[in-house]
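*Asks:* Sequences are here, hints too, so could you generate the full structure?
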Amino acid sequence: MTDTPFVPSFDSDASEGGRKLAIICSKGNLDMAYPGLILANAALGEGVETHLFFTFWGFDMINKKTMDDLKFSYLGNTAMHPPGAFGVSMPQGMAGLPGVTALTTKMMKKQIADLDVPEVPEFLDLIHGSGGHLWACRMSADMMKLHEEDLYDGVEGIISASDFIELTEGAQLLFI
Amino acid sequence: MPTTTIAGRTLDVNEEGFMTNPEQWDEALGAELAKLIGVDMTEAHWAPIRFLRSDFAVQHETPTLRRVSTQAGIPVKDLFALFPGKPAKKMAYVAGLPKPKGCV
Numbered sequence: 000m001t002d003t004p005f006v007p008s009f010d011s012d013a014s015e016g017g018r019k020l021a022i023i024c025s026k027g028n029l030d031m032a033y034p035g036l037i038l039a040n041a042a043l044g045e046g047v048e049t050h051l052f053f054t055f056w057g058f059d060m061i062n063k064k065t066m067d068d069l070k071f072s073y074l075g076n077t078a079m080h081p082p083g084a085f086g087v088s089m090p091q092g093m094a095g096l097p098g099v100t101a102l103t104t105k106m107m108k109k110q111i112a113d114l115d116v117p118e119v120p121e122f123l124d125l126i127h128g129s130g131g132h133l134w135a136c137r138m139s140a141d142m143m144k145l146h147e148e149d150l151y152d153g154v155e156g157i158i159s160a161s162d163f164i165e166l167t168e169g170a171q172l173l174f175i
Numbered sequence: 000m001p002t003t004t005i006a007g008r009t010l011d012v013n014e015e016g017f018m019t020n021p022e023q024w025d026e027a028l029g030a031e032l033a034k035l036i037g038v039d040m041t042e043a044h045w046a047p048i049r050f051l052r053s054d055f056a057v058q059h060e061t062p063t064l065r066r067v068s069t070q071a072g073i074p075v076k077d078l079f080a081l082f083p084g085k086p087a088k089k090m091a092y093v094a095g096l097p098k099p100k101g102c103v
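Which chain is which? The protein sequence lines are W and F, in order.
The opening residue of the first sequence carries number 0 in numbering that gives the first Met the number 0; numbering runs sequentially from there.
The opening residue of the second sequence carries number 0 in numbering that gives the first Met the number 0; numbering runs sequentially from there.
No lab work stands behind these hints: they were computed from the structure.
On a predicted model such as this, the values are computed, not experimentally measured, just so you know.
Hints should not be assumed to be uniformly reliable.
[Said to hold, decoys possible] Here are the computed lysine-lysine pairs in the DSBU-like style, where the Cα-Cα straight-line distance is at most 30 Å: (1) W:Lys105 with F:Lys100; (2) W:Lys64 with W:Lys26; (3) F:Lys76 with W:Lys109; (4) W:Lys63 with F:Lys76; (5) W:Lys26 with F:Lys100; (6) W:Lys19 with F:Lys98; (7) W:Lys108 with F:Lys98.
[Stated by the list, open to error] To give an idea of the interface, some chain W residues facing chain F are shown, with a C-beta separation under 8 Å as derived from the structure: (8) Phe5; (9) Ile37; (10) Glu45; (11) Gly128; (12) Ser129.
Just so it is clear, CB atoms sit at the ideal spot from N, CA and C, and this is done for glycine as well.
*Replies:* As structure tokens, this is what we get:
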């Protein structure tokens, strides 16, 4: 017991110490889109200045034509097992059969939705609304002949790798 | 279990200072808790806090920022403006509830 109220310290390191996080999203598979989005959202909720840089296949996460339609295939992923059936392996050859990617994508989307975790476009809305910064890679845009109007509206700009390195000075960095 | 005295009331708190007994809370106390973390409560602040209380009563879990936004219809941007920095934790604190456990 003390006369001074015991209060959680909310504004300690992150907001005052200027903690920054940079996340490079380079994959366009459904399962690889989520780690970056979830960590970005968590960091923003902790008051951390957060920047996401979308490059190569990661462009599919912010391309208006693909962002709502990312897919999951377990081809090449030997860790895949049917939901809840740990230790039961799925034949790799089956992953290549027509229609299997659609099925596994549907299954994964359902599991994600069951946790009340949003789909990619809505997740971007959440991150954008929380003050997260979204950047697109210049070289990828040039390769894919994409322009700002092709990308999610919250993307602040198409910038070079050097520009991204410059604006994330002092940041912790994740490459996904 | 540690306790602390706020506004003349003895409250059960955890090691971080979050209240552990939601029964000890009322809105007058919520306003005091808010003051301690630099927030002056307005009607706009009370809307999410009241949602947290009613949702916790049903779900027995503190809603995440996204849940507050989608279920109470308050844009995330507004929640960050009302409770700057760490809105989910600050709202939980003011509402006398545990920190949210969910990732998203």
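*Asks:* Now tell me, hint by hint, if it's right for this structure.
*Replies:* Hint check results:
no., hint, verdict
1, W:Lys105 with F:Lys100, "holds, 27 Å"
2, W:Lys64 with W:Lys26, "holds, 16 Å"
3, F:Lys76 with W:Lys109, "holds, 27 Å"
4, W:Lys63 with F:Lys76, "holds, 22 Å"
5, W:Lys26 with F:Lys100, "holds, 28 Å"
6, W:Lys19 with F:Lys98, "holds, 23 Å"
7, W:Lys108 with F:Lys98, "holds, 27 Å"
8, Phe5, "holds, 4 Å"
9, Ile37, "holds, 6 Å"
10, Glu45, "holds, 6 Å"
11, Gly128, "holds, 4 Å"
12, Ser129, "holds, 5 Å"
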